Amino acid sequence: MSILSEVRLIMGKDLRIERRSKIALNQVAPFAILIVVLFGFALNADRAALTTFTPGLYWVTVLLASILAVHRSVAIEAGEGAREGLLLSGLRPASIFLGKATALISQIFLVSIVLLGAVVIFYDARVDDAVLLVTSLVSAVVGVGAAGTLYGALLGAQRARETVLPILLLPVLAPVLIAATRAFGDAMGTVATDGWAWTALLASFAAIYVAMGVVSHGVLMEEN
Amino acid sequence: MTHLGFLIAGWGVVFVACGLYAVSVIRRARRVAARVPLERARWMTGKDSDVIGES
Amino acid sequence: MVSVDQTARADSMGTSSKTTRILGGVLLAGIALWLFLAFVVTEPDIRIDGTSGQEIGQFDAFRLIYVHVPVVFVAYTAFVVTAIGSIMVLVKRSVWWDLVAGASAEIGALASALTLITGSIWGRPIWGTYWLWGDVRILTTLVLFMLSLGYLAVRRLEGTAEERARRSAIVGILLVVNILIVNRSVEWWASQTIHQDSTIAEAAIGGSKAFTLFYSIVLAMGLFTWMMIHRFRLAWLERQFDRFGLDDALTSRRAEAASVLEGEMS
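Protein chains in written order, with this note's numbering: chain A, 1 to 224; chain B, 1001 to 1055; chain C, 2001 to 2266.
For the record, the hints were derived by calculation from the structure and aren't laboratory data.
Please note: incorrect hints may appear among the correct ones.
[Claimed, not checked] Here are the simulated EDC-like cross-link-like pairs (lysine to aspartate or glutamate), alpha carbons at most 20 Å apart as the crow flies:
{"hint": "1", "chain 1": "B", "residue 1": "Lys1047", "chain 2": "C", "residue 2": "Glu2238"}
{"hint": "2", "chain 1": "B", "residue 1": "Lys1047", "chain 2": "C", "residue 2": "Glu2187"}
{"hint": "3", "chain 1": "B", "residue 1": "Lys1047", "chain 2": "C", "residue 2": "Asp2248"}
{"hint": "4", "chain 1": "C", "residue 1": "Lys2092", "chain 2": "B", "residue 2": "Glu1054"}
{"hint": "5", "chain 1": "C", "residue 1": "Lys2092", "chain 2": "B", "residue 2": "Asp1048"}
{"hint": "6", "chain 1": "C", "residue 1": "Lys2092", "chain 2": "B", "residue 2": "Asp1050"}
{"hint": "7", "chain 1": "A", "residue 1": "Lys22", "chain 2": "A", "residue 2": "Glu84"}
{"hint": "8", "chain 1": "B", "residue 1": "Lys1047", "chain 2": "C", "residue 2": "Asp2247"}
Everything numeric in this text was worked out from a predicted model, so none of it was measured.
Just need the whole structure built from these sequences, with the hints factored in.
Take a look at the structure:
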């Protein structure tokens, strides 16, 4: 099998599970919208403040929702014998990583699109530069998904995963938060900055983490 | 001396934290050492394999 | 009859040895000299402003630099050691390097926390604030501290020796990758920074000040080495106990039973 069809196989499996369980759609997305609403309460529904801080609030929400999505992605493999099945399948570790990452990325992407609608409605966010917005969004989500898949795989079926994953992943994603917030600030016209430069940083982060994931998955799954 | 409070706080926190850490490491080690036979107590003199996962 | 347990206790080996005791003694004397240099020999940082003729400078708050800078050096050295150890674990599958990486990260976490604390305490009188959001080094160190907590949490996860070592090694290597990315992005983010670069350059460092600073860094490296030896030995003992603890307990039980039996027979 070629790498591509292996990747599609794994991704298809995860997405099929999502289609049946609808966890991202019915639980993670509503959770994210809930946070957006809570920020509204926390900031006293101050329209001006909400509009100004939309990029930051949006990305903090995406990161928190992503943590849930990563848990879900790992939980699928944590079931009885699932890991052994994956190991015995003879699929390349790199394909497994890329497949799981792609599935996770599409789910986070879905949630972040829903969330975009939410901030437009609740925070009066307006989009000045749609091309920049979408490009930076995709770059950031790829980075988050790749890093999430990598760290999720490291923790695996550990009982302590729920508490360790956030302290492990959130500092790692700090650069994504910084860069994506700036890029969105430019795209939404709240900050005067070069959004494309920040998008380049997001893309480099994504590239580094895809590469690290491919390499380290080989090391992690290597048998001795 | 100016800023005396800051000096005491800054130097103090370093000495106290490092001291407590050192004491806790040494005491923890004494406790574990009591249960490890002498010939295995040191990496240099122990004959344990250095390869991970091998015994 | 001497119980086996007691014999074991009597000649059990903690983490001290002749080397660490001598090193420890020298370092204690070194600490005394450090305090003497930092508080007695060196002058406070006082300069005369050229135009107004008033006294300016950091005054005695400058003495915090003699503790802050060496702590920074220990923190960053410790994480470099962790990174090297992590690479060596993957290359050589070496237990020694795995334990060194873990020991070093623990000391690094402590030192980076102290870096942040002493830095804030110094910043309050000099900058007028404990925390400066625009400063790259502060933010990088904070993220480094948090990453190290994550690394230590990963080391405590369960699994076979092989899994644990490999997992920790990957996280340890990623620590360096992450900190480089964080540093770049924060630097970009806080396009203007205000840090000792300027403040230190203003304070005329020379003579006894420069020597004290240099001395404190060397001493800190010595203290780091001493602590590493102890922490490594503790890690080694814990590993031995995990591996053979049950066997050793059984052996001593059997020996005890045998000696009791012998006593009854005679």
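Do the hints match the structure? See the list:
Distance check on the hinted pair: Lys1047(B) and Glu2238(C) sit about 16 Å apart at the alpha-carbon level, within 20 Å; holds. Distance check on the hinted pair: Lys1047(B) and Glu2187(C) sit about 49 Å apart at the alpha-carbon level, beyond 20 Å; violated. A hinted pair counts as satisfied when its Cα atoms are at most 20 Å apart, and Lys1047(B) with Asp2248(C) qualifies at roughly 15 Å. The suggested pairing of Lys2092(C) with Glu1054(B) holds, with an alpha-carbon distance near 13 Å, which does not exceed 20 Å.
Of the supplied pair hints, the one linking Lys2092(C) and Asp1048(B) holds, its CA atoms being roughly 16 Å apart against a limit of 20 Å. Annotation: proposed proximity of Lys2092(C) to Asp1050(B) holds, straight-line Cα distance about 9 Å (limit 20 Å). Proposed proximity of Lys22(A) and Glu84(A) is contradicted: the alpha carbons are some 25 Å apart, above 20 Å. For the hint linking Lys1047(B) to Asp2247(C), the alpha-carbon distance of about 16 Å falls within 20 Å, and the restraint holds.
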